[in-house]
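Novice: Residue-level listing of the chains:
There are 2 protein chains.
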Amino acid sequence: MKNLPLIYALLLVILSLAEARIRHYRWEVKYEFKSPDCYRKLVITINGRSPGPTILAQQGDTIVVDLKNSLLTENVAIHWHGIRQIDSPWADGTEGVTQCPILPGDTFRYKFVVDRAGTYLYHAHYGMQREAGLYGSIRVALPAGEAEPFVYDYDRSIILNDWYHRSTYEQAARLSSIPFLWVGDPQSLLIQGKGRFSCSTPGIAADSCNTTNPECSPYVFTVVPGKTYRLRIGSLTALAALSFEIEGHNMTVVEADGHYVEPFVVNNLFIYSGETYSVLVTANQDPTRNYWVVSKMVSRNNTTPNGLGIFNYYPNHPSRSPPTIPPSGPRWNDVGPRVNQSLAIRSHPDYIHSVPQTSDRMIILLNTQNRINESVKWAINNISFTLPHTPYLISLKHNLLHTFEQTPPPDVINGYEAYNISNPPPYISATTSNSLYRLKFNTTVDIILQNANMIDAGNSETHPWHLHGHDFWVVGYGNGKFNVSEDPKRYNLVNPIMKNTVPVHPYGWTALRFVADNPGVWAFHCHIESHFYMGMGVVFEEGIEKVKKLPTSIMGCGDTKRFIKP
Amino acid sequence: MKNLPLIYALLLVILSLAEARIRHYRWEVKYEFKSPDCYRKLVITINGRSPGPTILAQQGDTIVVDLKNSLLTENVAIHWHGIRQIDSPWADGTEGVTQCPILPGDTFRYKFVVDRAGTYLYHAHYGMQREAGLYGSIRVALPAGEAEPFVYDYDRSIILNDWYHRSTYEQAARLSSIPFLWVGDPQSLLIQGKGRFSCSTPGIAADSCNTTNPECSPYVFTVVPGKTYRLRIGSLTALAALSFEIEGHNMTVVEADGHYVEPFVVNNLFIYSGETYSVLVTANQDPTRNYWVVSKMVSRNNTTPNGLGIFNYYPNHPSRSPPTIPPSGPRWNDVGPRVNQSLAIRSHPDYIHSVPQTSDRMIILLNTQNRINESVKWAINNISFTLPHTPYLISLKHNLLHTFEQTPPPDVINGYEAYNISNPPPYISATTSNSLYRLKFNTTVDIILQNANMIDAGNSETHPWHLHGHDFWVVGYGNGKFNVSEDPKRYNLVNPIMKNTVPVHPYGWTALRFVADNPGVWAFHCHIESHFYMGMGVVFEEGIEKVKKLPTSIMGCGDTKRFIKP
Numbered sequence: 001m002k003n004l005p006l007i008y009a010l011l012l013v014i015l016s017l018a019e020a021r022i023r024h025y026r027w028e029v030k031y032e033f034k035s036p037d038c039y040r041k042l043v044i045t046i047n048g049r050s051p052g053p054t055i056l057a058q059q060g061d062t063i064v065v066d067l068k069n070s071l072l073t074e075n076v077a078i079h080w081h082g083i084r085q086i087d088s089p090w091a092d093g094t095e096g097v098t099q100c101p102i103l104p105g106d107t108f109r110y111k112f113v114v115d116r117a118g119t120y121l122y123h124a125h126y127g128m129q130r131e132a133g134l135y136g137s138i139r140v141a142l143p144a145g146e147a148e149p150f151v152y153d154y155d156r157s158i159i160l161n162d163w164y165h166r167s168t169y170e171q172a173a174r175l176s177s178i179p180f181l182w183v184g185d186p187q188s189l190l191i192q193g194k195g196r197f198s199c200s201t202p203g204i205a206a207d208s209c210n211t212t213n214p215e216c217s218p219y220v221f222t223v224v225p226g227k228t229y230r231l232r233i234g235s236l237t238a239l240a241a242l243s244f245e246i247e248g249h250n251m252t253v254v255e256a257d258g259h260y261v262e263p264f265v266v267n268n269l270f271i272y273s274g275e276t277y278s279v280l281v282t283a284n285q286d287p288t289r290n291y292w293v294v295s296k297m298v299s300r301n302n303t304t305p306n307g308l309g310i311f312n313y314y315p316n317h318p319s320r321s322p323p324t325i326p327p328s329g330p331r332w333n334d335v336g337p338r339v340n341q342s343l344a345i346r347s348h349p350d351y352i353h354s355v356p357q358t359s360d361r362m363i364i365l366l367n368t369q370n371r372i373n374e375s376v377k378w379a380i381n382n383i384s385f386t387l388p389h390t391p392y393l394i395s396l397k398h399n400l401l402h403t404f405e406q407t408p409p410p411d412v413i414n415g416y417e418a419y420n421i422s423n424p425p426p427y428i429s430a431t432t433s434n435s436l437y438r439l440k441f442n443t444t445v446d447i448i449l450q451n452a453n454m455i456d457a458g459n460s461e462t463h464p465w466h467l468h469g470h471d472f473w474v475v476g477y478g479n480g481k482f483n484v485s486e487d488p489k490r491y492n493l494v495n496p497i498m499k500n501t502v503p504v505h506p507y508g509w510t511a512l513r514f515v516a517d518n519p520g521v522w523a524f525h526c527h528i529e530s531h532f533y534m535g536m537g538v539v540f541e542e543g544i545e546k547v548k549k550l551p552t553s554i555m556g557c558g559d560t561k562r563f564i565k566p
Numbered sequence: 001m002k003n004l005p006l007i008y009a010l011l012l013v014i015l016s017l018a019e020a021r022i023r024h025y026r027w028e029v030k031y032e033f034k035s036p037d038c039y040r041k042l043v044i045t046i047n048g049r050s051p052g053p054t055i056l057a058q059q060g061d062t063i064v065v066d067l068k069n070s071l072l073t074e075n076v077a078i079h080w081h082g083i084r085q086i087d088s089p090w091a092d093g094t095e096g097v098t099q100c101p102i103l104p105g106d107t108f109r110y111k112f113v114v115d116r117a118g119t120y121l122y123h124a125h126y127g128m129q130r131e132a133g134l135y136g137s138i139r140v141a142l143p144a145g146e147a148e149p150f151v152y153d154y155d156r157s158i159i160l161n162d163w164y165h166r167s168t169y170e171q172a173a174r175l176s177s178i179p180f181l182w183v184g185d186p187q188s189l190l191i192q193g194k195g196r197f198s199c200s201t202p203g204i205a206a207d208s209c210n211t212t213n214p215e216c217s218p219y220v221f222t223v224v225p226g227k228t229y230r231l232r233i234g235s236l237t238a239l240a241a242l243s244f245e246i247e248g249h250n251m252t253v254v255e256a257d258g259h260y261v262e263p264f265v266v267n268n269l270f271i272y273s274g275e276t277y278s279v280l281v282t283a284n285q286d287p288t289r290n291y292w293v294v295s296k297m298v299s300r301n302n303t304t305p306n307g308l309g310i311f312n313y314y315p316n317h318p319s320r321s322p323p324t325i326p327p328s329g330p331r332w333n334d335v336g337p338r339v340n341q342s343l344a345i346r347s348h349p350d351y352i353h354s355v356p357q358t359s360d361r362m363i364i365l366l367n368t369q370n371r372i373n374e375s376v377k378w379a380i381n382n383i384s385f386t387l388p389h390t391p392y393l394i395s396l397k398h399n400l401l402h403t404f405e406q407t408p409p410p411d412v413i414n415g416y417e418a419y420n421i422s423n424p425p426p427y428i429s430a431t432t433s434n435s436l437y438r439l440k441f442n443t444t445v446d447i448i449l450q451n452a453n454m455i456d457a458g459n460s461e462t463h464p465w466h467l468h469g470h471d472f473w474v475v476g477y478g479n480g481k482f483n484v485s486e487d488p489k490r491y492n493l494v495n496p497i498m499k500n501t502v503p504v505h506p507y508g509w510t511a512l513r514f515v516a517d518n519p520g521v522w523a524f525h526c527h528i529e530s531h532f533y534m535g536m537g538v539v540f541e542e543g544i545e546k547v548k549k550l551p552t553s554i555m556g557c558g559d560t561k562r563f564i565k566p
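So the protein lines, in turn, are chains A and B.
If you read the first sequence in the UniProt record's numbering, its first letter stands for residue 1, the second for the next number, and so on.
If you read the second sequence in the UniProt record's numbering, its first letter stands for residue 1, the second for the next number, and so on.
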C-alpha cells in the first residue's frame, strides 16, 4: 500500500506518454447537398465536408476515429488506404472482408497505428459510396529528428477525383441492369473537391446548377515566389486515369505510396486511382502572373473536360485567370509515356527495402471482361469476385466456413499458355464466386497482373490494383503476354519501389512480390469503383491463426448474427 | 413401439393441417429502374415488381415472408399494416420500434397470423423507403363457409399512391436542410402503380421519360356489364389525401380497415394514406363505352395532375379513351364533404364490437408544426418524435433503458386550456425526444387528436393517424378545440367503426378509444411519410412483461450489439 503514490506517478507518466501519441477524431457521416462542380447533388460528408478532414499524425501514433453513421437508411465503412493495419486487421474498413457495415445511428471506433511516414488516403469501402464523396487524406510525418531525403519549404495535400452527377445507387443499378448500362464518363474532374461543370449543358435544371456558387470556385494553390513546395497528390477517381500538371513548372517526384523514390523530373504526372505521390515544385517562374493547374483524363477516350485550378503567385489575386490557354495535356491514348513513368519509379537508393530474391508461389491473375448470364462483368482467372455477406475475417477466425465457397481460385487458369490476350475473350464459362486465396504465412508471393483485350475488339484498359494490408515490390512491367520462364529473369530485384497500388497497362503485365507476413484477410482489387463492383478483385488470407481476438464491434451481419445471445 | 404407425399417421394429419394454413413467400428486395409514370427512376421492387406481390390468405392463416435484402448498402424493414401481430409483436416491421433493420445480404423471416378477414397493406417502415415503391396489398378471406354481409361477383384490389421523382435520400435531405426545403407536390398520382407524367415538362431529359413505355399505360379495370365488383382500395400516399371516383358510377362503401361498415353510397370516396376501403360498384351504365377512373389530390392546394385510369366495359378495347372529359372531382379545399364521409362511417349493425363505455385514461395529442433550432418539425404535445437506434421492444424487454429518454411525454400539454388552435403556434420550446407512453395493460385508453394551425397563419392540414398493433373505435369528430367536459358526452358509444387509421380534419379533433391488450410496443403516427420523418408520432408500450422471448433475428443494431458473444 505504501507504493501507491509511486504507482499513481508511474500511471500518470504512462498515460501522458500514451495520450501524446493518440490522435482522436470524432466524425459524423451524413448526406448533404453540395455543389463541388456547381451542380447540386447529395454528397456524403464527414463533419459537413467533402473531402473530409485531413488526418495529420506522426509515425507511430495511434489514430482513433469514432465514426458516427448519420445516414438515414444506409450503412457505411471506411478504409484507411495504405495503412497496413499490423495487429489490427479488423480496422481495415473493408466491408465483407474485415467488418460488417456500420448501421445508421451506430458509432464505430476505428483504432490503428500509422507505423510509417508518408502520404495516404481514406475512403468509403462499401458499395460505391466512395463516389459519393466520402474520402480524405492521411499525412504521416517522420518522428522528431528524422528528415526526408529532400528539402522543401511548405507541405500541401490535394486529392484528385472524378465526379458523377448520378447517385451511387443509380450507378450501381445501371451496372447491374440487363441490358448492361455503363456509368458513362465523369461529368467533371475535381481538384481537392472543386471542379467546374457547364451549367448551360442542355437538360440541366437552372435551380440545380449555379456557376457562382463558392463551393465550385476553382482550386487555388497559392505560392510565395522562390519557395519550394512538397505537394502530396492522391487520386481517388471512380474511373479516370489522370495526368496532372502545373503550367510552366516541372515537378520532381520524391515519394510514391509512402516510399521515397529516386527523384525524377516530370512535366506532367500520371496518377491512377489509389496512388499517392509527393512532388517538389519550386515557384521559380515569372511571379507577376498566375498559372494553370490541370487534371486531365487519359487512358480512355472520353468527353470529360479537364479539371482546372490556379497556381497563384502571391501577391497576385487568387482568382486572376492566367493569361494563357490552359495546357491541353498528353493525348489520352498515348501509352508510351505512361509506361515510361511506371518504369522510372525506383526506390531511393538510401531507402531500399531488400526484396527477397526468390518467391515461394506465383499467381498469375488474368484480367478479362466477360459476359456472365446476360451481365457484363470483370473476371480474374475466369472468376468474377463477389463479396460474401459474412466478413471473411470473422468467418475464418470463428469457423463459419459455410459462408463462402471453399474451393480456392486457381493460381493460373487452365489453358493460360494458349490464351490470346490480343483478342476478345473466347466464350468461356466465367463464373461468379466469393472464394479466396489462402497464403502460407511468411511466404513470398509473386503476383502477375496480366491484362488482355476487353469484350470489344481492339481495346484494353488500364487497371490500378490496390493491395490491402501490405506494400509490395514492383518487380517488373512488360508488354504483351507474360512469359513464365523468361520474364522473371528481367525482374528488378535491386531497387524496386514498394507501393500499395500499381497500374497494369493496356495489353501488358505487371509483376509484384510481397511477403505474406501480416495476419489477416486482405482485399486486392482494381481501384476503379465500378470494376471492383463488377467483380475485379481477389482476397488473400494469411496467418489467420495469429490474428488476436476480434472485436465484436465488427460483427452483427450475415452469419455472425448467430453470436447474438441476449 | 407398436403405436408408431398411429403416431406417424397423427403427425401426418397435423402436418397437413398445419401446412394448409401456412402461406410461404420468398421475396427479394432491390433497386431497379422503373417508369411508373413514364419518368424513369430507381424504384425498390419486390421480386421485380412495384407494387409488390399481393398476399392472398384466409383468416387464421400463418404468413411467412422470407425477405432477402438485395439492396447494395441500404437496410430495410416491412410493416404489415392493419395486422395486429397478436403474440408476434416482433414481426410488426417497424424499424426502431420492433426490430433492427435488415442488412444487405441478410434474409429476415416475418411470421405472423392474419387473424381477421379484410383488406390490409404492407409497406417499408424505415426511413422514407415507402416512397421508393416498396408496398403492396394483403387480402384476407373469411373462413370457408362464412360470408360477408354483402354480395358481389368479383373481387379486385388497387392501391392509390402519389409519386415523386426525387430519391427518398433527396427528400429526406431536403427536410433536414437548413433552411428547410419542402418535398414539394407529388409529380403524379398512381393507381395500382401506374400514372402519367408529362414528359414535355421543361427540364426533363428526353432519355428519362417516355410516354409510350408500357409500364405507364393507364390502369385498366375491366368489367363485365351487369356484374358487381368488390373493389378493395388502399391508399399509401406519401403526402396526398385523395378523392377517388369512377365516372358515372356510384360506389357503396362496405368495409373500412378490415371492418364491415353500415353501407352507404358515395359518388367519390375520400381516402387518406394508410386507410383501406371496400366499395361495391356495379357495371350498370351504358356498356358501349369506357369510363374514367379518377384519383385527385385534396386537402391541400397543389399542382399535381389527377391520376386517370380506365373503367373498361368488356368487350370495348381497354385502351379506348372514354368520350367524355374526366370528372374534375371535388374542390381541394372543401372540407365539409370529407368530414361528412368520416361521420358516415359506422359499424355494420351485425358486426358491432362493443365499445367500453368508459375509459381509464385520456391522452390529448396536440398536433403542431414548430421550429426547433432552425429546422421545421412536427410536434405532438410539444415533442417532436425521434426514433431510437435500439428498438424499444428489445430495450424494454432486456432492460436497456438508457437507450431512450425515460421521462414520458405528457398526457396533455401544460396550458392546453389556453392554447388557441386557430393561431400559429406561439414561440414555445418544442423539443425532440424519443420517450414513449407506457400504458397499463388491459386498460381502456382515449386518444384525442387535436389539430391546430400550422406555422403559417390560416392553414391547418389533414393528418391520417395510424395505430400499430390495434384497431380503435372512432368515437367522435369535432370542429375546433376539444372540450374535455362536454365533447365526451357526445361520443358514439353505440356503433362506432373500428379502424387502424383515421384522419384528423383541419382545425378539428378526432377521438379514439382502444384497449391496451396487445403486449408489445406500438407506433402511432401520422401516415404522411414526411410528417412522421419530421416527428409526428408517438409510441405506446403495454404488457411488455407478457411478451414472449424475442427472436434474435430482430437484434444486431444499437445497444443490442452488446449481446454479441462469439
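Any given hint could turn out to be false.
The list cannot tell twin chains apart, which means a pair is met if one copy fits it or any two copies do.
As the list claims (entries may be wrong) - Heads up, simulated SDA-like pairs for lysine to any residue below, C-alpha to C-alpha not over 20 Å straight-line:
#1 K565 / S167
#2 K111 / T386
#3 K440 / A57
#4 K565 / N399
#5 K397 / P318
#6 K30 / L175
#7 K227 / I372
#8 K548 / T386
#9 K68 / A173
#10 K481 / T324
#11 K549 / V515
#12 K565 / T552
#13 K397 / K565
#14 K546 / Y491
#15 K565 / S553
#16 K548 / P143
#17 K481 / E262
#18 K30 / W182
#19 K30 / S167
#20 K546 / S167
#21 K111 / N399
#22 K546 / F33
#23 K546 / R166
#24 K546 / P566
#25 K549 / P218
#26 K565 / F441
#27 K30 / I178
#28 K68 / S176
Quick caveat, the hints were computed from the structure, so don't treat them as lab data.
Novice: If a hint holds in the structure, say so; if it does not, say that too.
Specialist: Outcome of the hint check:
Taking the shortest alpha-carbon separations for K565 and S167, neither the intra-copy value of 38 Å nor the inter-copy value of 37 Å comes in at or below 20 Å. When the C-alpha separation of K111 and T386 is checked against a cutoff of 20 Å, the pair qualifies neither within a copy, at 27 Å, nor between copies, at 30 Å. Taking the shortest Cα distances, K440 and A57 never come within 20 Å of each other, neither inside one copy (33 Å) nor across copies (56 Å). Taking CA atoms no more than 20 Å apart as the test, K565 paired with N399 passes in both settings, with 18 Å inside one copy and 14 Å between copies.
When the C-alpha separation of K397 and P318 is checked against a cutoff of 20 Å, the pair qualifies neither within a copy, at 55 Å, nor between copies, at 62 Å. Taking the shortest Cα distances, K30 and L175 sit within 20 Å of each other only across copies (14 Å), while inside one copy they are farther apart (25 Å). With identical chains, the CA atoms of K227 and I372 are never at most 20 Å apart, being 55 Å at best within one copy and 50 Å at best between copies. Taking the closest pair of Cα atoms, K548 and T386 never come within 20 Å of each other, the shortest separation being 26 Å inside a single copy and 39 Å across copies.
Proximity of K68 to A173 under the C-alpha cut-off of 20 Å is restricted to the inter-copy arrangement: shortest distance 17 Å between copies versus 27 Å within a copy. Taking CA atoms no more than 20 Å apart as the test, K481 paired with T324 passes in neither setting, with 44 Å inside one copy and 72 Å between copies. Taking CA atoms no more than 20 Å apart as the test, K549 paired with V515 passes in neither setting, with 23 Å inside one copy and 50 Å between copies. Proximity of K565 and T552 under a CA criterion of 20 Å is satisfied in both settings, with 12 Å inside one chain copy and 7 Å between copies.
For the homomeric pair K397 and K565, the shortest alpha-carbon distances inside one copy (19 Å) and between copies (14 Å) are both at most 20 Å. Taking CA atoms no more than 20 Å apart as the test, K546 paired with Y491 passes in neither setting, with 32 Å inside one copy and 72 Å between copies. Taking identical chains as interchangeable, the C-alpha atoms of K565 and S553 lie at most 20 Å apart whether they share a chain (15 Å) or sit on different chains (11 Å). In the homo-oligomer, the alpha carbons of K548 and P143 never lie at most 20 Å apart, since the shortest distance is 28 Å inside one protomer and 59 Å across protomers.
When the C-alpha separation of K481 and E262 is checked against a cutoff of 20 Å, the pair qualifies neither within a copy, at 29 Å, nor between copies, at 82 Å. In this assembly of identical chains, K30 and W182 lie within 20 Å of each other by CA distance solely across copies; the values are 19 Å between and 27 Å within a copy. With identical chains, the CA atoms of K30 and S167 are at most 20 Å apart both within one copy (14 Å) and between copies (16 Å). In this assembly of identical chains, K546 and S167 lie within 20 Å of each other by CA distance neither inside one copy nor across copies; the values are 41 Å within and 46 Å between.
In this homomeric assembly, K111 and N399 never come within 20 Å of each other (Cα to Cα): the closest approach is 25 Å inside a single copy and 30 Å across copies. With identical chains, the CA atoms of K546 and F33 are never at most 20 Å apart, being 45 Å at best within one copy and 46 Å at best between copies. When the C-alpha separation of K546 and R166 is checked against a cutoff of 20 Å, the pair qualifies neither within a copy, at 43 Å, nor between copies, at 49 Å. Taking the shortest Cα distances, K546 and P566 sit within 20 Å of each other only across copies (17 Å), while inside one copy they are farther apart (29 Å).
When the C-alpha separation of K549 and P218 is checked against a cutoff of 20 Å, the pair qualifies neither within a copy, at 48 Å, nor between copies, at 60 Å. When the C-alpha separation of K565 and F441 is checked against a cutoff of 20 Å, the pair qualifies neither within a copy, at 34 Å, nor between copies, at 28 Å. Within a single copy, K30 and I178 get their C-alpha atoms only as close as 31 Å, which misses the 20 Å cut-off; across copies the closest is 14 Å, which meets it. For the homomeric pair K68 and S176, the shortest alpha-carbon distance between copies (17 Å) is at most 20 Å, but the shortest distance inside one copy (30 Å) is not.
In summary, the numbered hints that this structure violates are 1, 2, 3, 5, 7, 8, 10, 11, 14, 16, 17, 20, 21, 22, 23, 25, 26.
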